[in-house]
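Trainee: If you want the building blocks of each chain, they are given just below.
Protein chains: 2
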Amino acid sequence: MYGSHEHAHCVEEAINTASRICDERGLRFTGLRRRVLELIWENHGSAKAYDLLENLGGDYSAKPPTVYRTLDFLQENGLVHKINSLNAYVGCSHPLQHKDCFFLICSACNEVEECCGTAMADALRDMTAKQDFKPDHTTLEIEGRCHDCQAGVQ
Amino acid sequence: MYGSHEHAHCVEEAINTASRICDERGLRFTGLRRRVLELIWENHGSAKAYDLLENLGGDYSAKPPTVYRTLDFLQENGLVHKINSLNAYVGCSHPLQHKDCFFLICSACNEVEECCGTAMADALRDMTAKQDFKPDHTTLEIEGRCHDCQAGVQ
DNA sequence: TGAGTTATGTAATAATATAACATTTCTTGG
DNA sequence: CCAAGAAATGTTATATTATTACATAACTCA
Chain A
148 MYGSHEHAHC VEEAINTASR ICDERGLRFT GLRRRVLELI WENHGSAKAY DLLENLGGDY
208 SAKPPTVYRT LDFLQENGLV HKINSLNAYV GCSHPLQHKD CFFLICSACN EVEECCGTAM
268 ADALRDMTAK QDFKPDHTTL EIEGRCHDCQ AGVQ
Chain B
148 MYGSHEHAHC VEEAINTASR ICDERGLRFT GLRRRVLELI WENHGSAKAY DLLENLGGDY
208 SAKPPTVYRT LDFLQENGLV HKINSLNAYV GCSHPLQHKD CFFLICSACN EVEECCGTAM
268 ADALRDMTAK QDFKPDHTTL EIEGRCHDCQ AGVQ
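Protein chains in written order, with this note's numbering: chain A, 148 to 301; chain B, 148 to 301.
Just so you know, these hints were derived from the structure itself, not from any lab. In this text the structure is predicted, and so the values were computed from the model without any measurement. A couple of the hints might just be wrong.
Since the list gives no way to pick one copy over another, a pair counts as held whenever it fits inside one copy or between any two copies.
With a Cα cut of at most 25 Å, we get these calculated SDA-like pairs of lysine to any residue [what the hints assert, rightly or not]:
id: 1; residue 1: 229; residue 2: 181
id: 2; residue 1: 229; residue 2: 202
id: 3; residue 1: 281; residue 2: 191
id: 4; residue 1: 246; residue 2: 206
All chains, please: the whole structure from these sequences, using the hints.
Mentor: Structure, rendered in structure tokens:
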């Protein structure tokens, strides 16, 4: 799974970054928040709310609001994104810098890659400016096949 | 509502176009399908599945599968789009030509404008090509304020 | 006409998400 | 330290969105 890549490292790094960001902003990175973020990062795809709920384990009383509130917190603080086309959640890959980001979702391996290239953001800005539309939030999700999953599919 | 624009005309035109398209493709544009498409076009915003269900009226037995199947048919044939960020459905403005289209959603008046500009499509193609990602379907939904709803908001 | 196909009806339930209120835990000024 | 307020979590109930599975009806066309 995931080639030779030692994924535990990603998880650890994401948690450390999140912890640091919360410290800097005076937010509480509680056990529950840490646990949910860990679960989300524990695969390269996206996590569904009710799967998180099932896997919380430990001391956490698993009821939907527990998870949805935690997801809200993580989203508000830019640590997690919701993928609307999947009703699922992914960890944010660059929780500090990005403004507009978008997602490449591989329908074969289910990995979700977050992209923050400026070219797309520029094109979006141009387009909305042309229509005199003032954007607040952009959902850009592209489903298809990643490089690795195109082999043998022509 | 909707300024001086006589909206019944939009609805009628959309229905006529849909009917023609179905004829050309050997598809059955049944009473139910016509009715659902009418309801969807009866406002400029988007329609929710369960609201359609409530408003079917007439002879239609209103159970969820009735509506979802009809929405599936309309989507498959490019007559309707789902707006994932709203869990809602809009009529397609150009059911014949478009490939990649995207949506400007005004959070003040709830109108949804469908755009099919090539500039965005080009930017998307460039971006995915650069990552060697083969796109099958793109969700691009921009929520914000339309021209008319920016007055007085600075 | 009637056999096969397509569309719709119906019942049950799955999957996703929120509201409202209770309790616990943390923080911080005194 | 300690109590009061704030923030987080627990709990119950329910709302919203969507699908599965099977039955019936309506169309099509040989």
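Trainee: All hints, please: hold or fail.
Mentor: Hints and how they fare:
Within a single copy, residue 229 and residue 181 get their C-alpha atoms as close as 17 Å, which meets the 25 Å cut-off; across copies the closest is 34 Å, which misses it. Taking CA atoms no more than 25 Å apart as the test, residue 229 paired with residue 202 passes inside one copy only; the shortest distance there is 19 Å, against 31 Å between copies. Taking identical chains as interchangeable, the C-alpha atoms of residue 281 and residue 191 lie at most 25 Å apart only when they sit on different chains, with a minimum of 19 Å there against 33 Å within one chain. Taking the closest pair of Cα atoms, residue 246 and residue 206 never come within 25 Å of each other, the shortest separation being 35 Å inside a single copy and 49 Å across copies.
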